[in-house]
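As they're listed, the protein sequences go chains A and B. If you're matching positions, the first sequence starts at 1 in the working numbering and goes up one per residue. If you're matching positions, the second sequence starts at 1 in the working numbering and goes up one per residue.
Take the hints with a grain of salt, since some may be wrong.
Within a straight-line C-alpha distance of at most 25 Å, the following computed BS3-like cross-link-like pairs (lysine-lysine) qualify [what the hints assert, rightly or not]:
{"#": "1", "chain 1": "B", "residue 1": "Lys129", "chain 2": "A", "residue 2": "Lys129"}
{"#": "2", "chain 1": "A", "residue 1": "Lys129", "chain 2": "A", "residue 2": "Lys54"}
{"#": "3", "chain 1": "B", "residue 1": "Lys129", "chain 2": "B", "residue 2": "Lys54"}
{"#": "4", "chain 1": "B", "residue 1": "Lys129", "chain 2": "A", "residue 2": "Lys54"}
Please keep in mind that the hints were generated in silico from the structure rather than gathered at the bench.
Protein chains: 2
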Amino acid sequence: MLTPEIVEFLNHGTRTGMLAFTAGDGRPLAAPVWFLVEDGALVLNTGSGTAKGKAIARDPRVCLVVDLAEPPYAFVQVQGVAETSEDPAELLRTATALGGRYMGADRAEEFGRRNAVPGELVVRIRPTKVVAQLDVAA
Amino acid sequence: MLTPEIVEFLNHGTRTGMLAFTAGDGRPLAAPVWFLVEDGALVLNTGSGTAKGKAIARDPRVCLVVDLAEPPYAFVQVQGVAETSEDPAELLRTATALGGRYMGADRAEEFGRRNAVPGELVVRIRPTKVVAQLDVAA
């Protein structure tokens, strides 16, 4: 579902993902996340006690959207199901990769160590539907 | 709730909003939107037949998030309740202002005329909670 063109869009620079999830009372929320594209899935880290972590534990259905916020405007919306892991090695690996993507290679290890701590989760979103519009305002 | 510092962040350049809403089956969705800040509320246009429009008709609770997707990273999350209007004059006024903000003053009227058509709604989100983190990765 994640075509090469879509993966390139998702991986461009430090584009963040906006993760939509559902609060305990059913209201919709969103929050920005750092993410990676790996093996056709989207990978991020979050704390098990955060609003995002608790929402995923209640209902694993999520949506991650990435956009280009200038002309010609564009976006990719990935609807999917989240799986979580607390595996320490996987947590350190992904936290380091996320640090590298978003803060630069020279700070990857620093952010990996800082973020791969107990209580943090690896979240892997497997796409169920992908909507891409790569030239909105043409 | 929208302090001057937050309004300045929201109004910066062509930053888009990511609108979180709930699909008919209860799964969370998000989509990018053009928006304005007016009188302490967030204003956008959408079609009454779109996923966003139908979601708001079912449940007016929404969340709009704006972020800075580069170091130092930052975001403003506005949770609120949406009201809609089909008033033609208000629709034309807001569609024109949105066109001006996002496509430039010279294209404001063009986008206003194009987007202020029957079936389109003015959506006004009145904030109920605002979360701002203006220096995430420091």
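Could you work out which earlier hints the structure fails to respect and list their numbers in ascending sequence? 1
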